[in-house]
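Chains as they are written, first to last, in my numbering: chain A, 33 to 272; chain B, 33 to 272; chain C, 33 to 272; chain D, 33 to 272.
No lab work stands behind these hints: they were computed from the structure.
This structure is a prediction, so every number in the text was calculated from the model and none was measured.
Fair warning: there could be bad hints in the mix.
Which copy? The list can't say, so a pair holds if one copy fits it or any two copies do.
Listed below are the simulated PhoX-like cross-link pairs for lysine-lysine, each with C-alpha atoms no more than 25 Å apart in a straight line [as the list claims (entries may be wrong)]:
| # | residue 1 | residue 2 |
| --- | --- | --- |
| 1 | K118 | K139 |
| 2 | K121 | K139 |
| 3 | K183 | K118 |
| 4 | K183 | K139 |
| 5 | K139 | K48 |
The lines below spell out each chain.
There are 4 protein chains.
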Amino acid sequence: MSNLRVTVWHEHRHEKKNPVVAGVYPKGIHGCIADFLTAAGGMDVRTATLDEPEHGLTDAVLNSTDVMTWWGHMAHDEVSDAVVAKVQKRVHQGMGLVVLHSAHFSKIFRRLMGTSCDLKWRESNDREILWITAPGHPIVQGISDHVIIAKEEMYGEYFDIPEPDETVMISSFQPGGEVFRSLVTYRRAAGRVVYFRPGHESFPTYHQKEIQQIITNAVRFAAPTPGSQPAIFGNRQPLP
Amino acid sequence: MSNLRVTVWHEHRHEKKNPVVAGVYPKGIHGCIADFLTAAGGMDVRTATLDEPEHGLTDAVLNSTDVMTWWGHMAHDEVSDAVVAKVQKRVHQGMGLVVLHSAHFSKIFRRLMGTSCDLKWRESNDREILWITAPGHPIVQGISDHVIIAKEEMYGEYFDIPEPDETVMISSFQPGGEVFRSLVTYRRAAGRVVYFRPGHESFPTYHQKEIQQIITNAVRFAAPTPGSQPAIFGNRQPLP
Amino acid sequence: MSNLRVTVWHEHRHEKKNPVVAGVYPKGIHGCIADFLTAAGGMDVRTATLDEPEHGLTDAVLNSTDVMTWWGHMAHDEVSDAVVAKVQKRVHQGMGLVVLHSAHFSKIFRRLMGTSCDLKWRESNDREILWITAPGHPIVQGISDHVIIAKEEMYGEYFDIPEPDETVMISSFQPGGEVFRSLVTYRRAAGRVVYFRPGHESFPTYHQKEIQQIITNAVRFAAPTPGSQPAIFGNRQPLP
Amino acid sequence: MSNLRVTVWHEHRHEKKNPVVAGVYPKGIHGCIADFLTAAGGMDVRTATLDEPEHGLTDAVLNSTDVMTWWGHMAHDEVSDAVVAKVQKRVHQGMGLVVLHSAHFSKIFRRLMGTSCDLKWRESNDREILWITAPGHPIVQGISDHVIIAKEEMYGEYFDIPEPDETVMISSFQPGGEVFRSLVTYRRAAGRVVYFRPGHESFPTYHQKEIQQIITNAVRFAAPTPGSQPAIFGNRQPLP
């Protein structure tokens with residue numbers, strides 16, 4: 033089986049502006065994610081960022097990507113509509129998309145959901161506990177029944193997304209007492225979309241082993257079916 | 033209980049260009065729909081069309097609409113993005129939307145679904161049989177287990193929509209042998225979205241009693257919950 | 033519109049054995065529920081309990097019940113399989129069923145779900161916060177975005193139920209930090225099934241106004257569609 | 033990766049009573065299925081039948097089965113409740129179950145669904161066309177957009193099952209004009225359940241290449257996640 037071709041897309045602005053973030057992610061969040069995916073094996077991983085031409089998402093890159101991960105926050109509006117439309121089309125054709133943390137508000141995720149994707153939030157040091165609500169699901173392979181993140185930003189319900197195809201993890205926050213559907217999956221045409229909540233830029237969340245395991249699992253889960261046929265549309269005569 | 037405030041939106045182009053369509057719907061498709069909804073009782077019905085200013089969908093109209101029906105075909109691209117964004121926001125706030133026939137390709141439906149909403153089609157005289165797949169559902173109240181339309185345009189799977197929240201009717205076409213998920217429902221934030229397939233402009237489909245019954249039921253089903261609270265988003269301090 | 037015919041089914045054992053429970057619910061949990069449903073209006077409410085003949089669920093009672101609520105805990109196994117089969121059949125025909133708290137382990141709920149319906153639990157004094165995950169849903173009509181119960185027994189995920197049709201509320205527990213899908217809905221044939229978590233017998237949960245509101249809403253939501261047609265099954269000749 | 037351990041369960045009565053069926057399936061339906069699964073590779077396949085002790089489903093067999101296929105028709109009631117309970121428990125633990133044709137009425141499928149699983153039917157020579165409604169899904173890998181079976185028994189909606197997690201194929205029947213959700217999937221706890229319609233005993237359906245491909249895909253799709261953790265239930269103290 034050939035390697036999965038993964039593109040880690042990252043806004044890459046916080047690291048340039050905020051030394052705290054740069055300290056936590058010296059290679060950028062994209063560098064951190066690319067490193068642990070590569071180490072997991074079976075993947076050819078490259079990165080792309082907002083400030084590259086076409087945000088690094090040329091047709092050549094898009095057409096050779098099986099699964100894309102997406103992190104953005106402060107510059108969602110700077111992502112061009114043309115690129116978003118191309119990413120959306122690739123998802124429909126079967127490319128997997130793993131949407132991370134504040135990318136809940138990215139253009140691409142909102143387009144794929146059809147809702148506002150809004151939520152409650154609080155920059156704080158709450159303890160987040162993610163509980164598995166779909167044991168046996170491939171995305172939580174190797175995870176017991178919960179994961180604890182010592183300090184994270186709070187996201188709270190109502191999270192304005194369509195009823196998920198699968199709800200795989202739900203978080204609580206302490207001491208706040210909020211809850212959040214933190215790991216959910218959707219199918220959009222031939223493509224799988226996964227949203228995974230954790231990853232505030234000033235916390236070392238993506239250095240945590242269980243979080244790396246879940247993102248790695250999610251990328252593998254979102255892989256397109258090998259050799260799947262494109263859907264057939266348009267004018268059609270009766271079968272013989 | 034006060035009356036449901038319904039706006040029947042219609043593209044209203046085919047009737048102006050094609051005498052066959054004008055013959056089938058002398059008052060326009062919107063006139064036909066408005067008439068049978070009004071006759072059903074409990075609704076205050078008005079119409080709005082593409083060629084009116086703001087397509088007839090001013091803020092005043094939108095903010096006083098509980099449920100909107102939508103038919104379009106040849107001029108989807110002429111609907112302004114600004115109006116589409118406002119309709120989408122109203123759905124999120126709780127306004128029901130009943131999408132009819134070729135409006136599968138309308139901007140508003142595609143935005144709410146996140147998929148291409150493409151399908152197979154054939155202008156023909158196939159016999160369509162719609163079978164109930166959710167008996168007891170309010171949208172098929174008063175319908176036995178199927179409805180026959182003597183002549184209709186064919187729509188065939190794959191219909192590129194997200195897995196529906198509810199699949200209420202599935203059609204077969206003869207002699208073609210195609211199938212189609214013809215009556216499906218979704219929730220998008222506080223609003224309900226219903227798609228209902230039949231209604232090619234040159235056939236008298238909207239004059240058929242069972243079809244009128246289903247659309248009437250769908251409008252009532254899509255009504256917002258009275259007195260429902262708006263969702264609360266944004267920065268949030270812990271509960272006391 | 034005629035009144036909704038509601039049967040409040042209750043195991044009614046804890047009240048007889050435990051003076052603490054009897055003190056909280058002098059008329060029994062069923063008496064408390066019947067009282068607030070009756071006060072809400074539009075319902076004819078009766079009760080039925082385990083120790084009555086046929087558990088109070090004769091054919092006459094079942095056939096004249098539109099919606100049933102169900103609370104049980106220590107005596108699930110004493111409910112006869114024959115009665116359970118009849119209740120299940122009535123649900124399939126359109127009767128609504130609102131399953132409360134420890135009735136997650138009732139025979140009828142397990143039969144309707146097809147899963148074990150198991151969960152984690154702790155008798156404690158945790159504070160439960162129920163957060164709305166489906167604003168605008170009829171079952172949370174009149175509720176803001178959360179409900180706080182000062183003291184409740186903890187139920188924690190994984191809750192072994194099928195992916196719900198709708199997830200309407202999710203709870204957190206403090207100080208434990210667990211989460212739970214507390215208000216979920218399913219359709220089983222023509223009948224609606226609602227599960228609602230709160231209601232440990234030694235706490236005054238069912239005296240709390242918001243909880244009464246939600247249960248009242250749930251009963252109305254679960255009502256069968258008036259005049260809906262029974263499903264048609266069996267050998268079938270082609271349509272003419 | 034070690035081989036998938038597959039048990040093909042078959043009622044195996046029609047072949048013994050009806051020479052027509054014996055002529056179509058000289059090795060029994062189970063023999064035919066076991067042969068093409070074995071030929072597909074990566075599977076260790078064994079068979080089990082109703083008339084063996086414990087229906088061939090001893091604890092040793094169950095505990096070493098990753099995926100089971102199930103065909104039954106005339107003797108559903110002869111399957112012991114004890115064996116059914118054990119199969120259901122194994123599904124909850126992660127064993128995949130692929131339910132074929134008339135096994136829609138098997139005890140195990142009805143228990144996992146919670147509905148009657150009833151339908152319309154007609155022994156006839158209708159032409160069945162199965163249309164893909166989820167392109168890119170692993171179960172239809174290698175299939176274009178439809179499959180034609182020249183002659184099959186008709187099954188028609190309403191098919192009394194819960195709203196599927198995924199609807200992958202829908203059939204039409206000609207000349208009857210009926211429709212049927214022919215390929216659907218569910219998750220029940222850690223286990224995947226697939227229902228696939230075709231396979232009347234007197235037609236050579238299971239000799240058709242596309243049907244073999246779909247069943248082979250379904251078995252692979254239903255495989256448990258390797259090394260997945262069992263769900264944790266019961267009394268639980270707060271996390272430290």
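Results for each hint:
1. K118 x K139: Intra 12 Å, inter 17 Å, cutoff 25 Å: intra and inter.
2. K121 x K139: Both. Shortest intra-copy (13 Å) and inter-copy (16 Å) distances satisfy the 25 Å Cα cut-off.
3. K183 x K118: neither (36 Å within a copy, 38 Å between copies)
4. K183 x K139: neither (27 Å within a copy, 42 Å between copies)
5. K139 x K48: within (22 Å within a copy, 38 Å between copies)
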